[in-house]
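Q: Protein sequence lines correspond, in order, to chains L and S.
Quick note: the first sequence uses numbering that gives the first Met the number 0, first residue 0, plus one each step.
Quick note: the second sequence uses numbering that gives the first Met the number 0, first residue 0, plus one each step.
Some hints could be false.
Stated by the list, open to error - Selected chain S positions facing chain L (Cβ under 10 Å, derived; list incomplete):
#1 ASN717
#2 ALA721
#3 SER845
#4 ILE846
#5 LEU849
#6 ALA851
#7 ALA857
#8 GLY859
#9 GLU860
#10 GLY864
#11 VAL868
#12 GLU870
To be clear, the hints were calculated from the coordinates, so they are not data collected in a lab.
Note that CB positions come from ideal geometry on N, CA and C, so glycine has one too.
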Amino acid sequence: MQAERKDKKKAAMKTVAVRMANSTQGREPALLFAARQAEEVLPDAEVHPLPFAPDWLLGLSTWRRQVLPVLDAAKLYGFDAAAGRHLYLVLRTAAPAAEGGRRLLRCLLKIPSQISARELPAQCAASSAAENGLDPALIKGVFAHENGLLIVPDLLPALCPAA
Amino acid sequence: MANTSKEKPAEKILSRMKGLKAADLKGLFVGWRRSIKSKLLVWLLLISLVPLAVIAFFSYRYSASALQQQSFENLETTLAFEKQALQAYFSEQEKTLSNLADTMNLFQQEAFVKLTAIRELQKRQVTDYFQMRFQDVQTFSISPQQSVFLKVARDRAAASELAGSMADLMKLWLVQRDFHSLTFLSTSGQVLYSTDSDIAVGASAQEGSAEAAALQKGQQEVAFIDYSHSSFFAEQSVSYFAAPLVNEDRLEGVFLFRLRNDALDGIMKNTSGLGKNGESYMIGSDGMFRSNSVYFEESTVANAAYIVDTESVVYALAGESGEETTINYRGDYVLSSYTSVDVYGTKWVLFVEVDQGETMAPSHEEEGELVDHLKELAEKYGFPDIYLLNTDGYVFYSVKAGKDHFTNMLNGPYAKSGFAGTVRGVLEKKAVKMSDYSFYEPIDNKAAAFMAAPIMNKKGEVGMIAAIQMPIDKINAVLDIRHEFEKDSTHQFEGKVISAENYLVGQDKLWRSESPNAQKYGVESTLLKAKADTKAVQEALAGKDSTDVIVNSMGETVLSSWAPFKYNDVSWALISEANYDEVHQPVTSLMRIIGLTLLAVAALVVVVSLLVASGITKQIGEIVKVMAKVEKGDYSERVPVTSKDELGRLAGDFNTMTGTIQNLIQTRQDEHDKLNTSIIRLLEEITVLADGDLTIRATVTDDVIGTLADSLNLMLENLGRAFRRIKDSAEQVGSTANILSESTGELAEQNNAQSKMINEAVEKIGLLTEEIRKAADKAVQSAGSSKESSHVAEDGAAAVRETSQSMEAIRSNVQNTARAIKRLGESSQEISDFARNINEISDRTSILALNASIQAAAAGEEGRGFAVVAEEIQRLAERAAVSTRQIETLIRNILGEITEAGVSMDASIQEVVQGTKLSQNALAKLEEITSRSNEVASLIEDVAAVSKEQSETTAALAGKMKEIGGISLETAQETLGASISMREMAAMGDDMLQAVTAFKIDDKKA
Chain L
0 MQAERKDKKK AAMKTVAVRM ANSTQGREPA LLFAARQAEE VLPDAEVHPL PFAPDWLLGL
60 STWRRQVLPV LDAAKLYGFD AAAGRHLYLV LRTAAPAAEG GRRLLRCLLK IPSQISAREL
120 PAQCAASSAA ENGLDPALIK GVFAHENGLL IVPDLLPALC PAA
Chain S
0 MANTSKEKPA EKILSRMKGL KAADLKGLFV GWRRSIKSKL LVWLLLISLV PLAVIAFFSY
60 RYSASALQQQ SFENLETTLA FEKQALQAYF SEQEKTLSNL ADTMNLFQQE AFVKLTAIRE
120 LQKRQVTDYF QMRFQDVQTF SISPQQSVFL KVARDRAAAS ELAGSMADLM KLWLVQRDFH
180 SLTFLSTSGQ VLYSTDSDIA VGASAQEGSA EAAALQKGQQ EVAFIDYSHS SFFAEQSVSY
240 FAAPLVNEDR LEGVFLFRLR NDALDGIMKN TSGLGKNGES YMIGSDGMFR SNSVYFEEST
300 VANAAYIVDT ESVVYALAGE SGEETTINYR GDYVLSSYTS VDVYGTKWVL FVEVDQGETM
360 APSHEEEGEL VDHLKELAEK YGFPDIYLLN TDGYVFYSVK AGKDHFTNML NGPYAKSGFA
420 GTVRGVLEKK AVKMSDYSFY EPIDNKAAAF MAAPIMNKKG EVGMIAAIQM PIDKINAVLD
480 IRHEFEKDST HQFEGKVISA ENYLVGQDKL WRSESPNAQK YGVESTLLKA KADTKAVQEA
540 LAGKDSTDVI VNSMGETVLS SWAPFKYNDV SWALISEANY DEVHQPVTSL MRIIGLTLLA
600 VAALVVVVSL LVASGITKQI GEIVKVMAKV EKGDYSERVP VTSKDELGRL AGDFNTMTGT
660 IQNLIQTRQD EHDKLNTSII RLLEEITVLA DGDLTIRATV TDDVIGTLAD SLNLMLENLG
720 RAFRRIKDSA EQVGSTANIL SESTGELAEQ NNAQSKMINE AVEKIGLLTE EIRKAADKAV
780 QSAGSSKESS HVAEDGAAAV RETSQSMEAI RSNVQNTARA IKRLGESSQE ISDFARNINE
840 ISDRTSILAL NASIQAAAAG EEGRGFAVVA EEIQRLAERA AVSTRQIETL IRNILGEITE
900 AGVSMDASIQ EVVQGTKLSQ NALAKLEEIT SRSNEVASLI EDVAAVSKEQ SETTAALAGK
960 MKEIGGISLE TAQETLGASI SMREMAAMGD DMLQAVTAFK IDDKKA
């Protein structure tokens, strides 16, 4: 009971879920980000491509006078490209700094338009990335719930490969 | 033959000219095309006169233009020269005026210097005088005489000692010392003794009187008492030197030495160096005279009737000395030099003055007449007047001394004149000013212009004004200068000088100069009286200069050159004009000469052409005369050759020709006679022929008749041959006719048989005709039926047409419906677009709500309220999206149904179209049936008609056959008749034979 209450308390965390195109074993995958990790949802962004960049790195764009890399979520995490319009999610993550401490890194993530802000569901069970055909290096965790998969991605390897 | 003339050419010409009559000349031009003379005359006139006229025209044009151009240049040169001359003139006037002003200034300064010298001298004199009086008084007061007065002071009775010789001595002493009287007062102010019998002994000095003041001041020392009222003389002011009588330091009394009223007369009334009207005088601090004025007989000393209250008194009493131009106590303008004089503690003011006018224009006598240098200047420079004015506008000097002399230009009777304006301008601008011409009343309202210059004083202010009245004759002289030049010029035309009118015009469009031809303008003098408001004036006053042909104020056309003229504040128009006709006179004369030349040439041409024409036409006339006779057949006439030219040769040839013709005629006549003889011979021979003798032959000669005779012979031979043949033929005909007669009898019998057969044929044809008629009737019936069927077919076509139209209507309705459905589809599409927009908005709203919730989450606890709002917005956006999707679905369904409806509409339309096509086809077929029926009907009709024709034809054929039968019968009859005729022909042949044998022919040649 207490654990449930505790779980329920934990489940009250705000998140941003992005529904991806593939359906894995009948479950719809959704990338899950903490609400405080997401800074803004943009309907459009001007992307300047970079030469010799991997396919998931679309290029650079500007956001609030900052130059941020633009990543394609579908290509990065191995999903099919969703049909229809896309949105750009400004995400923030912390990386260790060279002189100690932490530094903030930001990026633009190109996502399908199926995005919603919600609280975590009460019932979800942990799952593994490999089981679901995902690259564990880019995934922090996978959780299954009755309707789909919730994937918590790790952006650091993409933004900061050396780290 | 040509006629030779031995007349001289000149005589010939003269004789011809004499032969010319006026009527002939007139006749030349009337119907000129019918006569060589006229043609020659007209063409020669044209050829000679037209070029002359053209040359004259161009000569006129170019010479007129060149002349005008030159005139313009002359005018412009004149104008420039005059403008320059006027500028120079006014500058010179200004210079002269400035020099005058400087001279006046110099005079003034010199005058002031002199005045100052005189003033100082007089001051010294006055000071010396009073010093002497002082010393005299002082000496007296300590002299032994005073012991007498001591006694008197103590005992009044002792005053008797002062009578008699003592008194005389006293009086003499007083006179010598220039005192009026001596009065001895006691210390209490009582009169103890007086040389003046009007002063009673024992009278007391009143308080505030001169005596009281003298008593008071004279107690200590010798003192001077200024003029003040006296105790002893009513309404009199006296002045004293007071001296104490002191004995052993005790004041016994006071001596009062009264000054004579005319004490300073000797000094003040000395006006040497002050001119005629100058004076010097002394004024006390009360403003009253302390000396007698040279201008008044009565004493002005301390006379309240004569008060001097000028500013200079104040300055001088304050201790200043100075010189100024001012109005003195008499109201005269004077150059005044003033200073203060201290008379033993009393301040007086010494004025030394000279008359301003007298100073600035000093005069001297010349030949019994007073002449001042300004007058000389005026005469020298021709100024009508020279003025000197004060800064308050007062005219204190004028050469002419007219009505404006001694008036004030600024506020006097002439304050509104141009001169007054100039004076004001000088005072304002402190520079030379010039006024425009205007009527000036002081000179009987004549026109005058003025120039004024300031005379500056030492302080740099305007001290005086010098002014001159500008002489108009100088301006006129400048403007007339061209005429002076041209008067002596060699470039004259017919002894006349082309005069230019040069004048100045002011802003009021009135002349500013005098024209030598003022009467032309209807005035005595054009200055300010003649008006000129022309284009030249307007433009010049507007500041433009130009040259053009204009109409002047007199309505004359003139060549005009104009330019603005400005000097100082005066702005005039300078005009130079030359009469257009005068300028163009040379051209006009030229044209006259050309005209006369043209006339002379025309006359000459007429004469020459007449002479030439006469020479030509005379010969032609002779030829014409002879030709008229030749026409009538008279070839004997010959043309007289009157000239040696082509016409003469023509006449000669003509004569040759007529001679030849005449010979020819003669030859022909001979041949004619010869021919007549031959003909007669032939006729005689033919007469024999008339008797039937064909063996006769005509004589063949070598002429035409011979040929005829030969032909006749041939004809007779042929004729003989023919008759021979006829004879043979006649014989043959007779035999043949008999044979024919037999044949035709047989033919007649055959014809009868034929006629019978034909009758039978006719009956059969009649039956055929009846059958054909019946057939034709049936054909007509068929045609009727066919027509009916055609009508029925038409009705059917009409019905089908109606059907087609209805189907068309149905089709258009269906099409309209389809269009409406399409529009509905488009509207649905639009709704779909709106729904899409709403969807987008809901997406954006959703994104916004997402961002808001993200930000609310980032804000933590504080953002909870905002998160609620964001959620609500998110829900609303989702609802909107859902509704939009539903709308889209509905729209899609509607569109689908619309599409189906559209498709079925199209199908219906297609079927309608098909039905229409079918009905149209049916219509077409029906129409075709109709047309075919009509064709059939027409064919049947044709057939009926043809049948009818056939029937008629067969009827006709039957008729014809009948006729043929009749004809055959007739033919048979005829044939019989022919047989009979043949027999008769045989008989005739016999007759012909007999007839031929009547002619005698040569049987050997058959």
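Q: Could you work out which earlier hints the structure fails to respect and list their numbers in ascending sequence?
A: 1, 2, 9, 10 and 11
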